[in-house]
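Student: One letter stands for each residue in the lines below.
2 protein chains.
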Amino acid sequence: MSTTQLFPTPLDPTGRAPRALFNYAAGEWVRGAGTGTPLHHAVTGAMIAEAGSGGLDFGAMVQHARTVGGPALRAMTFHQRARMLKALAQFLMARVEGYYAVSAATGATRRDGWVDIEGGIGTLFAYASRGRREFPDEPFHVEGPTEALSKGGTFVGRHICVPLEGVAVHINAFNFPVWGMLEKLAPTLLAGVPAIVKPATVTSFLTEAVFAGIIESGILPAGSVQLICGSAGDLLDHLDEQCAVAFTGSASTALLLRQRPAIMQQNVRFNAEADSLNFSMLGPDATPGTEEFALFIREVTNEMTAKAGQKCTAIRRTLVPANLMEEVGAALAARLGGVVIGDPAVEGVRMGPLAGQAQVGEVQRAVDAIGRDTELVYGEVGLPDVTGADAARGAFYPILLFASRDPFNRTAPHDVEAFGPVNTLMPYTSVDEAIALAKRGRGSLVGSVFTADDAVARTVALGTAAHHGRLLLANRHTAKESTGHGSPLPHLVHGGPGRAGGGEEMGGARGVLHFMQRTALQGSPTTLSHVVREYMPGAATTGDAVHPFRKHFEELAIGETYHTPSRTITDEDVDRFSELSGDHFYAHQSDAMARQGVFERKVAHGYFVLSASAGLFVDPAPGPVLANYGLEGLRFVKPVYPGDAIHARLTCKQKTAKETPPDGIPQGVVAWDVEVRNQTDEPVAVYTILTLVRRLAS
Amino acid sequence: MSTTQLFPTPLDPTGRAPRALFNYAAGEWVRGAGTGTPLHHAVTGAMIAEAGSGGLDFGAMVQHARTVGGPALRAMTFHQRARMLKALAQFLMARVEGYYAVSAATGATRRDGWVDIEGGIGTLFAYASRGRREFPDEPFHVEGPTEALSKGGTFVGRHICVPLEGVAVHINAFNFPVWGMLEKLAPTLLAGVPAIVKPATVTSFLTEAVFAGIIESGILPAGSVQLICGSAGDLLDHLDEQCAVAFTGSASTALLLRQRPAIMQQNVRFNAEADSLNFSMLGPDATPGTEEFALFIREVTNEMTAKAGQKCTAIRRTLVPANLMEEVGAALAARLGGVVIGDPAVEGVRMGPLAGQAQVGEVQRAVDAIGRDTELVYGEVGLPDVTGADAARGAFYPILLFASRDPFNRTAPHDVEAFGPVNTLMPYTSVDEAIALAKRGRGSLVGSVFTADDAVARTVALGTAAHHGRLLLANRHTAKESTGHGSPLPHLVHGGPGRAGGGEEMGGARGVLHFMQRTALQGSPTTLSHVVREYMPGAATTGDAVHPFRKHFEELAIGETYHTPSRTITDEDVDRFSELSGDHFYAHQSDAMARQGVFERKVAHGYFVLSASAGLFVDPAPGPVLANYGLEGLRFVKPVYPGDAIHARLTCKQKTAKETPPDGIPQGVVAWDVEVRNQTDEPVAVYTILTLVRRLAS
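Which chain is which? The protein sequence lines are H and V, in order.
Residue 1 is where the first sequence starts when you use my numbering, and the numbers rise one by one after that.
Residue 1 is where the second sequence starts when you use my numbering, and the numbers rise one by one after that.
Okay, chain H solo, but in the shape it has when bound (with noise of 0.2 angstroms):
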């Protein structure tokens, strides 16, 4: 290791003042030893950095985030990561400019960095948001509901998730310098465990920019981030079982790096998202003049273009009705010919550079393979036309659009993915078929198809889900509001089976959970609700001479409870309760009336048992109790009849406190655990109500 400080000098995105990028380790800023690779403009061609990562201890690495970061991620909430993400978006969203100036080195259009940087640091929002909502106040989760796991109820079962102890490591692809990382991060730091991030070398001086960004805004605890410019050499052998591998890339690299021993070894997860044939299909009715029709030309143009057709969830497979193959072919043709292609800052630029010469020679070795198998019915091959810049110098690929006869038998186009503004389309003749075609991608990020009739979409949704990770069923309806084919979000799963790299990656909640560790945790109601902080029935409860609704959000204890007095619900109250509610229906009327159905008489009405309990656990006088706002798994389990007695059991079951509102009220939402028993002390009504109650000072 060379030069060690305390920030790297912002980058010169001209190349003017070409400079080695920084590596951040064990929270230090260092410069690769030796000679690094050189990274190139992608539109001039002129060398704007070199990245190395030489002389990098790993395993301090690894070692630094297990004992710096990991421990410091697992001592906060949920909350607290989620408001850290939160804070993290708007620090750089603060400083969107300066990094899009340098996305522009990367071939981006204004777009394209658009999707990227602000793609990135919307995720990071959505899972700040998503954090509060869906996760507890806790460091830990607890996933789904109590399991009875004997008669008696004494022995129950609940499931946890806990932050993973190692680091995960992040190994991002080219495409998406900004995006690629902050999509991983966001539900990584959500789940408590600090990672290193190891961009594509050939775009990692964007990704250096942005991740000084977040150093620099000393949002994250010391330990939680690293990152690598370069090489990430013995890394993966130096993690154990409580690390996880994020991937993105190719699948060949997945393939080599799934195998390291340390990996098999340990069952180190790995999740990758890999190579992908993603498909877009024409509906049957989704003819020329069709809303639909139009919509298809334009997304395809779309998927084609964005990003020079840099994206994984591009469109590489296009199924057309076989009788439209022409039609369809000269509507693109004309569309994709209206592309400007060229240096993105001038005006009009349509689609940039591949992000560099390898990419180029990539790409034209797939469209080699492809071309065997097909025929070429829009564009040339060799260097493109291009606006504002030497096409020999930077990047420049065409865009091509290849058409096959025979899509059953010559299958290059459903193998090989040429990573660049390339694209084939294939002949179907009935729904079936396409949806046959479709699966031959084995295993794709997304798939989509253009119809306004919901029977297609749902035959071709049920018929190629197994095969991918998402499906945009697109129509006129969803045309004003549609995030497109290509665009992954963090509340929808991304990834898919087979050559996809049969991983998963977001999906809200979900992504959280591949960096944590689900544990069944068995044992008696009141130890259970010890542990997890939540009320369940069967658990020891306490109470005082104090009313709960008399007491602040910080003063009510888990399975403090309040038993009821009893009340008996007289003939005339059901009456009186159809009166006034108009709820008539015949079981509340007669005797004779109810036994029509499968009451042995006269029945109270469900909302009556639910106002009446209401009556008697209700403390009238104002207090901290604020509002009832919500109610949950109502069950009424047995039927309430006239001369019925009825008391009920109210268990604070769960807090979480809450930001303070516009009211300006400092509030918490507490969760009661409500139990309505009758004369007999057997169970008529079970659920869950939700109040806001004051906190005592914010």
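Since the hints were made in silico from the structure, they are not lab data.
Any given hint could be a false lead.
What the hints assert, rightly or not - Here are the simulated SDA-like pairs of lysine to any residue, each with C-alpha atoms no more than 25 angstroms apart in a straight line:
#: 1; chain 1: V; residue 1: Lys151; chain 2: H; residue 2: Gln90
#: 2; chain 1: H; residue 1: Lys151; chain 2: V; residue 2: Ala148
#: 3; chain 1: H; residue 1: Lys151; chain 2: V; residue 2: Lys151
#: 4; chain 1: V; residue 1: Lys638; chain 2: H; residue 2: Thr691
#: 5; chain 1: V; residue 1: Lys658; chain 2: H; residue 2: Gln596
#: 6; chain 1: V; residue 1: Lys480; chain 2: H; residue 2: Ala540
#: 7; chain 1: V; residue 1: Lys638; chain 2: H; residue 2: Ile665
#: 8; chain 1: H; residue 1: Lys655; chain 2: V; residue 2: Pro639
#: 9; chain 1: H; residue 1: Lys151; chain 2: V; residue 2: Lys86
#: 10; chain 1: H; residue 1: Lys480; chain 2: V; residue 2: Lys151
#: 11; chain 1: V; residue 1: Lys638; chain 2: H; residue 2: Gly582
#: 12; chain 1: V; residue 1: Lys655; chain 2: H; residue 2: Asp454
#: 13; chain 1: H; residue 1: Lys151; chain 2: V; residue 2: Glu659
#: 14; chain 1: H; residue 1: Lys638; chain 2: V; residue 2: Ala657
#: 15; chain 1: H; residue 1: Lys86; chain 2: V; residue 2: Pro145
#: 16; chain 1: V; residue 1: Lys655; chain 2: H; residue 2: Arg458
#: 17; chain 1: V; residue 1: Lys638; chain 2: H; residue 2: Arg694
#: 18; chain 1: H; residue 1: Lys655; chain 2: H; residue 2: Arg694
#: 19; chain 1: H; residue 1: Lys658; chain 2: V; residue 2: Ala148
#: 20; chain 1: V; residue 1: Lys638; chain 2: H; residue 2: Glu291
#: 21; chain 1: H; residue 1: Lys658; chain 2: V; residue 2: Pro145
#: 22; chain 1: H; residue 1: Lys638; chain 2: V; residue 2: Pro662
#: 23; chain 1: V; residue 1: Lys638; chain 2: H; residue 2: His552
#: 24; chain 1: H; residue 1: Lys658; chain 2: H; residue 2: Gly122
#: 25; chain 1: H; residue 1: Lys638; chain 2: V; residue 2: Leu690
#: 26; chain 1: V; residue 1: Lys655; chain 2: H; residue 2: Pro639
#: 27; chain 1: H; residue 1: Lys655; chain 2: H; residue 2: Ala545
#: 28; chain 1: V; residue 1: Lys658; chain 2: H; residue 2: Phe599
#: 29; chain 1: H; residue 1: Lys655; chain 2: V; residue 2: Arg458
#: 30; chain 1: V; residue 1: Lys151; chain 2: H; residue 2: Ala479
#: 31; chain 1: H; residue 1: Lys655; chain 2: V; residue 2: Asp454
#: 32; chain 1: V; residue 1: Lys658; chain 2: H; residue 2: Glu147
#: 33; chain 1: V; residue 1: Lys151; chain 2: H; residue 2: Glu659
#: 34; chain 1: H; residue 1: Lys658; chain 2: V; residue 2: Glu600
We have chain H; now place chain V onto it with these hints.
Tutor: Okay, now just chain V, sitting in the frame of chain H:
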């Protein structure tokens, strides 16, 4: 392949008439070609069978599953598959005595056999029950809520899980020849995926017997299950990306199989459950004389001797307060001394032999390694004294208890699994030290702690969870009903990180999803409602002149909607509701009172809004709707003040046919999506109600 016949003759477990075991391949019973592996009675050493798979066409078996079994299972709904599992469980349960007779030849006691045979059948029952409760009556599963992907609500997301289209290969361990098969078959078949079962050869004669029952029952569709007794040959090389492997066995075998090119290159799912050095900890409070101490001594003894210690979940490392090492050793020795080893058929015998001579050799090699780092405190290496058998002919092994003096530095007991009645005591001086020792297992299936102190239970649970798939928190309150340290349960996940294989089985619905592909669907609410057959807010609705409460289950369409008239809520209504319910919460009393909290003025009770809405949409006359039995996801999203007028939308959201209950009325569950709005059409309450609705005919 030699003979094909309709059915294998029942095996004579005494060894008086050894025969070749059968395989069940592509719908036929076939004997392997050539000489098979001789299988011996574990107690007498007599040869009872020969197992071989020579000549089997493994590729044809995979193809049979793919083309015959898969399509048949995928055509069934979850509920149909669940009923199939229940029928199968009932069929096998009627035949258990025959299986017990064969089980005796594996060396199992009656109790060991009960865990294996009835535990396995119980898993079928459990999945049959969950299949109907937790999955829809559709061939696919809808997971999680609708995801809002756009502001205007025209573009939404939803996750579905569909069956993999390949085959699940089950590779099972020798210790539970029945449970091992059934605990994997239950979730696989419920998922809709066919299986090829490959039991460990040494006890495959028992698997064959129960498998023959499965085929004899005729309950499963053709191609659903196949059996290989003997080597699996090149089976795995025929798998593709739609297949899955579920493996239980040694870590070394798992590693070999997982690295097969077909598995690695196509990202075939590989779930492993392998070695595990499970811990049990005596809490610092659980001193001699406490109930927990006695429970702990009993549990450790049971776990050492049940199944002669051949359980992947058995206690291998026993963590004891350092000052109690002697007392614990003495108490265990006293109890272990009472365990009679011998032929389980003989009255009073508590522990049988190992499964075979090969196992004796393997355990001895492990014991040699452990012995070098510890001292023997109970038992004697060499042939044990046995009752009713010849120790030299059966696969008998002595009970051995070791003690470690320096468990942090002499590490064999943390690393070497002796798969027999062998255990090591280890001293700890603090709870943190005990946790550190527990983690030395590098990933285990299960750990347990015996303590009456819930704070200790919490510290141990959260401290060791990342390293374990299951944790038992035992105390006097669970003593009566606890299923014990060593029992995996269908409700809870079974598996563990690292050395334990990194996999996960069972855990209720989770275990089913391992054999399904999760796919994110994106589209308009109308399209997605059509695909998943569940109404989503924003989807197109239908309706006619007939009130939906006047329609039978079959007559209701998803999306069918009733719009109620409107009702103005008066000040007097609120007062009357306070009076009738007894709920005099201050916000319902007067404007001035209400302003002491979060409301602008006197507000209607949420439960009154709920009740009045029911009054608006209920059709009172006797008809197909039998009862309102529950409610989910109620949120009061805006206050209703006197003078506001409310109206409701009631939409048929989801339908689930039920089996006809004891009252004899054919019925189904209909879930209704309800939205209540005010006079300015703002939502004030949203919820789902659950009703029972008559079916036309059964």
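Student: All hints, please: hold or fail.
Tutor: Now the hints, each set against the structure:
no., hint, verdict
1, V:Lys151 to H:Gln90, "holds, 21 angstroms"
2, H:Lys151 to V:Ala148, "violated, 41 angstroms"
3, H:Lys151 to V:Lys151, "violated, 48 angstroms"
4, V:Lys638 to H:Thr691, "holds, 14 angstroms"
5, V:Lys658 to H:Gln596, "holds, 20 angstroms"
6, V:Lys480 to H:Ala540, "holds, 17 angstroms"
7, V:Lys638 to H:Ile665, "holds, 18 angstroms"
8, H:Lys655 to V:Pro639, "holds, 23 angstroms"
9, H:Lys151 to V:Lys86, "holds, 21 angstroms"
10, H:Lys480 to V:Lys151, "holds, 11 angstroms"
11, V:Lys638 to H:Gly582, "holds, 22 angstroms"
12, V:Lys655 to H:Asp454, "holds, 20 angstroms"
13, H:Lys151 to V:Glu659, "holds, 24 angstroms"
14, H:Lys638 to V:Ala657, "holds, 21 angstroms"
15, H:Lys86 to V:Pro145, "holds, 24 angstroms"
16, V:Lys655 to H:Arg458, "holds, 18 angstroms"
17, V:Lys638 to H:Arg694, "holds, 19 angstroms"
18, H:Lys655 to H:Arg694, "holds, 12 angstroms"
19, H:Lys658 to V:Ala148, "holds, 23 angstroms"
20, V:Lys638 to H:Glu291, "violated, 39 angstroms"
21, H:Lys658 to V:Pro145, "holds, 23 angstroms"
22, H:Lys638 to V:Pro662, "holds, 15 angstroms"
23, V:Lys638 to H:His552, "holds, 24 angstroms"
24, H:Lys658 to H:Gly122, "holds, 22 angstroms"
25, H:Lys638 to V:Leu690, "holds, 15 angstroms"
26, V:Lys655 to H:Pro639, "holds, 23 angstroms"
27, H:Lys655 to H:Ala545, "holds, 21 angstroms"
28, V:Lys658 to H:Phe599, "holds, 19 angstroms"
29, H:Lys655 to V:Arg458, "holds, 18 angstroms"
30, V:Lys151 to H:Ala479, "holds, 13 angstroms"
31, H:Lys655 to V:Asp454, "holds, 20 angstroms"
32, V:Lys658 to H:Glu147, "holds, 23 angstroms"
33, V:Lys151 to H:Glu659, "holds, 24 angstroms"
34, H:Lys658 to V:Glu600, "holds, 22 angstroms"
Checked against the numbered hints above, the structure breaks hints 2, 3, 20 and satisfies the rest.
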